[in-house]
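Protein chains in written order, with the working numbering: chain B, 1 to 219; chain P, 1001 to 1200.
Worth flagging that the hints you see were computed from the coordinates, not collected in a lab.
No residue lacks a Cβ here, since even glycine has one placed at the ideal position from N, Cα and C.
Heads up, a few of these hints could be off.
As the list claims (entries may be wrong) - A few chain B residues that face chain P, going by a derived Cβ cut-off under 10 Å, partial list only:
(1) Lys3
(2) Asn4
(3) Phe5
(4) Lys14
(5) Ala78
(6) Gln81
(7) Gln82
Stated by the list, open to error - Away from chain P, derived, C-beta distances all over 12 Å, residues of chain B:
(8) Cys28
(9) Ile32
(10) Ala197
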Amino acid sequence: MIKNFFKLIANEFKLMLKGSVFSFVLFCLLIIACSIFSLSLRNESMGMNAPLSFLYIMIFFISLFKVEKIYSLDFDEAKLQQYILSPFSLEIIVFVKNMMIYLNLIIFFVIFSPLILIILNIDLSYLIQINILLSLSLLSIIFIASMTASITISKNNKLSLTSILTLPLFVPILIFSMAITDVIDFNTNKMYLFFVAYFLLNLAFSPLLTSFALKKLSV
Amino acid sequence: MIEVNNLSFARGNILIYKDINFKISPGELLLVSGANGVGKTTLLSNIVNFTEPLEGNITYHGTSIDNHIASECFLYIGENNFAYDTLTLNQNIDYWLSVHNVNFDKSIKNKSVNFLFQELNLDKKFYQLSFGQKKKLQLLLLILVNKPVWILDDPYSGLDTRSITKINTLFKKKLENKGIIIVASHQKINLRNYKTLQLT
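Chain B on its own, in the form it takes in the complex:
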């Protein structure tokens, strides 16, 4: 079973690589959006808060799009039926898929981040801090987005509206992300611990709720 679990992870990794084109397109759009943002505010002195807030909001939307796309493709009815009958529980499959989406996005962010920071006129000395903080917050964003996606892809259109209920869960991440921009120095800033704690909280209930919603609403 463990051997096949690692095989499943390897196969999911292959699938993730195949789906990288969509991530690439999303990050190209992010660069365009950042360029427009920087150009439109070129005469204003913004400091770091506004560009970082913009970056966080854009990454938030990219994550939502990516998770939604992967879930609608990977959890269509026929695939979901096989996952449900798999000896691996659906929660584990959801967890593996979420981690692969995370890995995919974070790899792209690490590659694109120097360019994004230059475009947004943020000091490159903050590159590592921003990467670490974003990679921590992205974990929670992906797991909450998976709950949203599992409801929105349901066959029942009336119920898909209830995915709005998960949106408040993103608010703490965005609030703390903005607060972090005030104290960007990673050595004195302990706010990243919030992201770790929030991720652990999400890890406890998100795969359960996601797989429950998939089973009940999509089969």
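Based on these hints, arrange chain P on the given structure of chain B.
Below, chain P without anything else, positioned relative to chain B:
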């Protein structure tokens, strides 16, 4: 043995079927037939525990079917394809066998593929396959995943007569090994003895 007692199912306010009763013992095949929309696929979904019935119960060897029993004992092949378009045939086989926790010998895998597909390039992308070939990939799980109960929704659709004969051979072997097969189909099955459930 699978036993279905007084099974009813409703979707919203619409009653799909009422008071379905049947028993299937090891070594038996049940053909579920009926017009479009009478609930053949829904009945199979009920048996595999994808959906819960309105009334009645379904047992496997005397125990109510839950997710654990379904994943341990049932192999379900639905009418829609579950493979990934972006993966090759080979990658799809590897992927779905790992999902079903199957360790296989490469030679067994190749023999099974040859049995169903004859000469076929396994490095072809799934979307490049014909409808019948896509269906055969699903049915390949029948050979490679060893579970006592097969539940198949329209397994013959898109298959040529030669492939249908091969599938019937698989059915015969499964029944000889005391497996249980439930098939929902409009076609009759070319086997000597099987039970039929006509839904109206």
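Quiz prompt | Evaluation of the interface hint that places Asn4/B against chain P, nearest CB under 10 Å | solution = With a minimum Cβ separation of about 5 Å from chain P (threshold 10 Å), the hint on Asn4/B holds.
Quiz item: For Cys28/B, is the shortest beta carbon distance to chain P beyond 12 Å?
Solution: Cys28/B is indeed farther than 12 Å from all Cβ atoms of chain P, at 20 Å.
Quiz item: So is Ile32/B really clear of chain P, every C-beta pair being over 12 Å apart?
Solution: Consistent with the label, Ile32/B stays out of reach of chain P, its closest Cβ about 26 Å off (over 12 Å).
Exercise. Could you let me know if the closest chain P CB is still more than 12 Å away from the CB of Ala197/B?
Key: holds (31 Å)
Quiz prompt | Interface hint for Gln82/B, Cβ within 10 Å of any Cβ on chain P | solution = holds (5 Å)
Quiz item: Taking the closest Cβ pair, is Ala78/B under 10 Å from chain P?
Solution: This hint holds: Ala78/B lies near chain P, its Cβ roughly 4 Å from the closest one there, short of 10 Å.
Quiz item: Per the CB criterion, is Lys14/B less than 10 Å away from chain P?
Solution: holds (7 Å)
Quiz item: Given Gln81/B as an interface hint, is the shortest Cβ-Cβ distance to chain P below 10 Å?
Solution: It holds, given that the least Cβ distance between Gln81/B and chain P is near 6 Å, below 10 Å.
Exercise. With chain P as the partner, please determine if Lys3/B meets the hint condition of a C-beta pair closer than 10 Å.
Key: holds (7 Å)
Quiz item: Does Phe5/B pass the interface hint, meaning its C-beta sits closer than 10 Å to a C-beta of chain P?
Solution: Since chain P brings a Cβ to about 8 Å from Phe5/B, closer than 10 Å, the hint holds.
Violated hints for the displayed structure: none, as all numbered hints are satisfied.
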